[in-house]
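**Q** Following the hints, complete the assembly by docking chain B onto the known chain A.
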Amino acid sequence: MTSQAQVLPGTLDLLILKSVSLGPLHGYGVLLRIGQISGRALLIEQGALYPALFRLVRQKLLKARWGTSENNRRAKFYELTALGRKRLREETEGWNRLVEAMGSALAAQPEQV
Amino acid sequence: MKFLSYFRRRSQIEDEMEEELRSHVQHRADDLERSGLDRAAAERRARIEFGGRERLKEECREALGGHFIDTLISDVRFSLRVLRKAPGFTVVAVLTLALAIGANAVVFGMLNGLILRPVDVPQPESLYGIERSDEDNPVQSYPDYLDLRDRNRSFESLAAYRITEAGLDTGQDPSRVFLFEVSGNYFDALHIQPYLGRFFHASDERGPNSAPYIALSYAYWHSHFQDDRNVVGRVVQVNKHPFTIVGVAPSGFHGTLLFANPDFFLPMVNEEQVEGRDVLNARGTAWIYLALGHLKAGITPAQASADLNLIGSYLKKTYPKEHGQMTYSLSRPSLYGNFLGRRVEMFLTGLMLLAGLILLAACANLGGLFAARAADRSREVALRLALGAKGTRILRTLFTEAALISLAGGAIGLWGSVALLRGLSVWQPVPRYPISLPVTPDTNVYVAALLLALVSGILFGLVPVRQVLRTGPYQIVKSGSTGAVGRRITVRDLLLVIQIAICALLVTSSMVAVRGLVRSMHSNFGFDPRDVTIVNTDLSMAGYSGERVPDMQKRMLEAMRTVPGVESVGLIDWLPLISGAYSQPDVFRDQATDLSPANAVASPFSFRMSPEYFQAAGTPLLAGRTFSWRDDKNAQRVAIVNKEFAVKVFGSAKEALGHAYKLSDGTRIEVVGIVESGKYKGLTDESAAAMFLPILQSPTLATNLVIRCSGDPRQVEGAVRNKLRELDRALPYYVETWSQQLSDFALFPAHVATVSLGVLGAMGALLSITGIFGMAAYSVSRRLKELGIRIAIGAQPKEVLTAALGRALKLLAAGSAAGLILGILASRVLASIVYEASPRDPLVLTGVVLAMLLMGLLATWIPAHRALAINPLTLLREE
Chain A
85 MTSQAQVLPG TLDLLILKSV SLGPLHGYGV LLRIGQISGR ALLIEQGALY PALFRLVRQK
145 LLKARWGTSE NNRRAKFYEL TALGRKRLRE ETEGWNRLVE AMGSALAAQP EQV
Chain B
18 MKFLSYFRRR SQIEDEMEEE LRSHVQHRAD DLERSGLDRA AAERRARIEF GGRERLKEEC
78 REALGGHFID TLISDVRFSL RVLRKAPGFT VVAVLTLALA IGANAVVFGM LNGLILRPVD
138 VPQPESLYGI ERSDEDNPVQ SYPDYLDLRD RNRSFESLAA YRITEAGLDT GQDPSRVFLF
198 EVSGNYFDAL HIQPYLGRFF HASDERGPNS APYIALSYAY WHSHFQDDRN VVGRVVQVNK
258 HPFTIVGVAP SGFHGTLLFA NPDFFLPMVN EEQVEGRDVL NARGTAWIYL ALGHLKAGIT
318 PAQASADLNL IGSYLKKTYP KEHGQMTYSL SRPSLYGNFL GRRVEMFLTG LMLLAGLILL
378 AACANLGGLF AARAADRSRE VALRLALGAK GTRILRTLFT EAALISLAGG AIGLWGSVAL
438 LRGLSVWQPV PRYPISLPVT PDTNVYVAAL LLALVSGILF GLVPVRQVLR TGPYQIVKSG
498 STGAVGRRIT VRDLLLVIQI AICALLVTSS MVAVRGLVRS MHSNFGFDPR DVTIVNTDLS
558 MAGYSGERVP DMQKRMLEAM RTVPGVESVG LIDWLPLISG AYSQPDVFRD QATDLSPANA
618 VASPFSFRMS PEYFQAAGTP LLAGRTFSWR DDKNAQRVAI VNKEFAVKVF GSAKEALGHA
678 YKLSDGTRIE VVGIVESGKY KGLTDESAAA MFLPILQSPT LATNLVIRCS GDPRQVEGAV
738 RNKLRELDRA LPYYVETWSQ QLSDFALFPA HVATVSLGVL GAMGALLSIT GIFGMAAYSV
798 SRRLKELGIR IAIGAQPKEV LTAALGRALK LLAAGSAAGL ILGILASRVL ASIVYEASPR
858 DPLVLTGVVL AMLLMGLLAT WIPAHRALAI NPLTLLREE
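Chain order of the listed sequences is A and B. First residue of the first sequence: 85, per the numbering used here; consecutive thereafter. First residue of the second sequence: 18, per the numbering used here; consecutive thereafter.
Honestly, the hints are just simulated from the structure, not real lab data. Heads up, the beta-carbon is just placed ideally off N, CA and C, and yes, glycines get one too. Be aware that a few hints might be false.
As the list claims (entries may be wrong) - Which chain A residues face chain B? A few, computed with CB under 7 Å, are given here: (1) Lys102; (2) Tyr112; (3) Gly131; (4) Tyr134; (5) Pro135; (6) Phe138; (7) Gly151; (8) Thr152; (9) Asn155; (10) Arg157; (11) Ala159.
To be verified - The list that follows gives simulated cross-link-like pairs (lysine to any residue, SDA-like), each with its CA atoms no further than 25 Å apart: (12) Lys74/B to Thr176/A; (13) Lys147/A to Glu575/B; (14) Lys144/A to Leu73/B; (15) Lys74/B to Gln143/A; (16) Lys571/B to Leu511/B; (17) Lys160/A to Phe67/B; (18) Lys74/B to Pro135/A; (19) Lys160/A to Gly635/B; (20) Lys740/B to Leu842/B; (21) Lys160/A to Arg51/B; (22) Lys74/B to Gly131/A; (23) Lys74/B to Arg117/A; (24) Lys160/A to Lys740/B; (25) Lys147/A to Trp646/B; (26) Lys144/A to Thr176/A; (27) Lys74/B to Asp97/A; (28) Lys147/A to Leu99/A; (29) Lys144/A to Gln29/B; (30) Lys147/A to Phe67/B.
Bound conformation, chain A alone (with noise of 0.2 Å):
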């Protein structure tokens, strides 16, 4: 846990996509997923992450039921619907899009202008 970055506003929503996508989760799942699979890198404020859950819920892009967790706790389960996954797949390939551009972008040498 060397250095941690803030979310970029607008990705977190993507990161859940991600994170949701590789199985089920819960919410506090979801935030442990998200730890693990950016290396650590990515912090997200523990608030944030339950409207974020709603507002993905209410558009479809994925749904929830109740289970029984790993820590043998009832808890709500997150999960990729069709949408969801439909919407993963075009937000990554915007998101590398942009990472590419700006990585051109900045990349730039004074010869090349």
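**A** Just chain B now, with coordinates in the frame of chain A:
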């Protein structure tokens, strides 16, 4: 139920949300516990890390998409809090609206009850009354009615009615009753079924006095026969003639005149027994009030009129002596055709217009109030915008406030109007007749009032929207609400001036009316109603006829004279200014030989009286003598005439005395006395000719005893009643003071005009006050900064006030002046209703000016205080 299930679902969502968050904290605590903390510390730490749970939940709710009802509830809660902080504004706004909605609901209630509602019969849409299109009044003679009934091809069955009074003796105290004389087919033609027993039918009519049957109205059966079901078959006396009660009408049916509530119905073929005269065969005597019936299926009113006009030309051809051109049209029978219906419609349309104006004024005022408030709150709004509140959210709260105020105002207004309408519908304008206004409010009225309240709420709620939308938070927080001070005349200003003018007009008119009313109480009627009590009766109600009539009248006069406290007693057939049914026969010069109407010199009011009438009535005899009991059938026919008559017929009073004139039947009548001219039919009439004839020479059944007392006329009433009972127990009568009767009849229109003008004036005044208040408050709050600077550089209070309120006061002055002038002009119209109404009265003029000044003072009091209380230091610090 949908509402309930919504709430159940909502609480389920809340529970789930709570459980999910708790589960999150538990999982976190589990992790922390694994890292070495004990359970309690781990849970505490987890909760702290999680942060403010309520705020989070609020965000989640929003993310879930706040439900309409939730937002509404929170908006309402917020608005209530805001409104509670501004009680002055809230009260003024709610009252203004309550007034406007109340006025409109009352007028609509009357419109609903009198115009929109048909008579209570099955299929009222096909029920029509026959109207004479060549005459104002739809009255008919009986033979004409029979021709119309039998010759028309348009009506299923044509019925007819007349309203009259009679004496009813059921074995107990005889009483006066108010009844419908109806054609035999009346109930069948209207498709009315009896509640009890049976009705009479066309087949019961077999010539004059052949159907002695009575059908009671439900209300009379209930109040006078205590719902006794054995009443059917009982024989009662109507004007001393036996009639059999055959049945009781259903409770909803009270005849075919909307505001009349007859005690019972009886066949008009028995008219002679009820009225003491036989006119069943008189084609020239129109006494049937209205003929009416259901049109046959497929017949339009136009076709029916054409059909009736054919009968009209037949009647003209067959009876040229009695009839000229006769044309017919159809109309709704509920308000006695066009005769009353059109007048009521016009009156109510006028009222509706006025009420609409009041609503418009109220909306304009509320717009002003809201604008002032929005200006006051611009800082708050700007701050909220700056802190990230959405514009829509702010607009929504403004709308919620407007809607809350309109609902509250609507509810209060409706409550007031319902109370007023209920009062109106039990009110009996003429106590002795069962007449009432059927204006009990129904769902229509409630719905209309509510809609009106909401629509006007949205209307005035819209006013400050533009102002709010324009608000740049940055601008206002930085520099305060300045905005250009409007110099040009706005629509709102114009509305306010018009409103003040209307108010001043109403105030002027009501003051003129009140002064006129007070004066007309003491004006010269040609008689003196003070200290006089009246016994009103009709001897036909106790079956008197022929020689028994004058005998009884003499005995009544004698008996009254023996009552202690009575100074003099006279008798007259109809009291002037009380009944509307005065005969006005044509009179001719003595030397005239052609006694056709065209040759008549005058049509004087004709009264029949006992010798002592003038003395009892307090009418001064100018010349000659009054009658004596020797002026009987065997003596020369004599008359006493008024001055106007003498001048009109003879040229002067001197020439009249001792000379004769002629009636249309050739009778020569000698003038033996001259009296002062007075008022006979209406207070506002020009002076008219009148003649008085002795009762022994022209007998009358109608009897009014004029009893002049030495003190309060009410003190002799008991003794008067006792004497009458001793004379004839079967004779029904009314006893009332003359002044009371005058105010019931002659002064009634003046009273109504005065009261309604007063009420409207008060409403107008209230609205003007709120209007000026709104405008003044607005102008002060918009110019707070400017005023503060003026004070800081040494402006005197007077200058501050001029700057702050000058515009409002100018508008007030302009409006008042316009209203006063209009009021003076309108008083000419008023003078035709209220006798002696004159605007050239210093008291009225001062009164109006004072009233308007007082209004201005009241309305600008608070804004003026606010302007004067400006502390430039505070202001400069704040802005």
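**Q** Next, verify each hint and record whether it holds.
**A** How the hints compare with the structure:
With its C-beta approaching chain B no nearer than about 19 Å, lysine 102/A sits outside the 7 Å limit, and its interface hint is violated. Because the closest C-beta pair between tyrosine 112/A and chain B is about 4 Å apart, less than 7 Å, the hint holds. About 5 Å separates the beta-carbon of glycine 131/A from the nearest beta-carbon of chain B, less than 7 Å, and the hint is met. The interface hint given for tyrosine 134/A holds, since its Cβ lies 5 Å from the closest Cβ of chain B, which is under the 7 Å cut-off.
Look at proline 135/A: its Cβ gets to within about 4 Å of chain B, closer than 7 Å, so that hint holds up. Because the smallest distance between the Cβ of phenylalanine 138/A and any Cβ of chain B comes to about 4 Å, under 7 Å, the interface hint for this residue holds. With its C-beta approaching chain B no nearer than about 11 Å, glycine 151/A sits outside the 7 Å limit, and its interface hint is violated. At its closest, the beta carbon of threonine 152/A sits 11 Å from a beta carbon of chain B; the interface hint therefore is violated under the 7 Å criterion.
The closest approach between the C-beta of asparagine 155/A and any C-beta of chain B is roughly 5 Å, which is under the 7 Å cut-off, so the hint is satisfied. Restraint check, arginine 157/A versus chain B: the minimum CB separation of about 6 Å is within 7 Å; hint holds. Given hint, alanine 159/A at the interface with chain B, holds; its Cβ is 5 Å from that chain's nearest Cβ, closer than 7 Å. Simply put, lysine 74/B and threonine 176/A have alpha-carbon atoms about 30 Å apart, too far for the 25 Å limit, and the pair is violated.
At roughly 106 Å between alpha-carbon atoms, lysine 147/A and glutamate 575/B are farther apart than 25 Å, so this suggested pair is violated. Restraint check: the Cα-Cα separation between lysine 144/A and leucine 73/B comes to about 21 Å, which is no more than 25 Å; the hinted pair holds. Distance restraint check for lysine 74/B and glutamine 143/A: the Cα-Cα separation of roughly 18 Å lies within the 25 Å cut-off, and the hinted pair is therefore satisfied. About 70 Å separates the Cα atoms of lysine 571/B and leucine 511/B, which puts this hinted pair outside 25 Å; it is violated.
About 17 Å separates the Cα atoms of lysine 160/A and phenylalanine 67/B, which keeps this hinted pair within 25 Å; it holds. With a C-alpha separation of about 8 Å, the suggested pair lysine 74/B and proline 135/A falls inside the 25 Å cut-off, and the hint holds. Proposed proximity of lysine 160/A and glycine 635/B is contradicted: the alpha carbons are some 102 Å apart, above 25 Å. Among the hinted pairs, lysine 740/B with leucine 842/B is inconsistent with the structure: their alpha-carbon atoms are about 53 Å apart, more than 25 Å.
With a CA separation close to 22 Å, the supplied pair lysine 160/A and arginine 51/B stays within the 25 Å bound. As the CA atoms of lysine 74/B and glycine 131/A are separated by approximately 9 Å, the hinted pair is consistent with the 25 Å bound. For the hint pairing lysine 74/B with arginine 117/A, the CA-to-CA distance comes to about 23 Å; that is within 25 Å, so the pair holds. Among the hinted pairs, lysine 160/A with lysine 740/B is inconsistent with the structure: their alpha-carbon atoms are about 99 Å apart, more than 25 Å.
Proposed proximity of lysine 147/A and tryptophan 646/B is contradicted: the alpha carbons are some 112 Å apart, above 25 Å. For the hint pairing lysine 144/A with threonine 176/A, the CA-to-CA distance comes to about 18 Å; that is within 25 Å, so the pair holds. Only pairs whose Cα atoms come within 25 Å are accepted, and lysine 74/B paired with aspartate 97/A is accepted, the gap being roughly 18 Å. Taking the CA atoms of lysine 147/A and leucine 99/A, the gap is near 16 Å; set against the 25 Å cutoff, the hint holds.
For the suggested pair lysine 144/A and glutamine 29/B, the alpha carbons sit about 20 Å apart, so the restraint of at most 25 Å is met. Between lysine 147/A and phenylalanine 67/B the CA atoms are separated by roughly 24 Å; this keeps the pair inside 25 Å, and the hint holds.
Hint check: violations occur at hints 1, 7, 8, 12, 13, 16, 19, 20, 24, 25; the rest are consistent with the structure.
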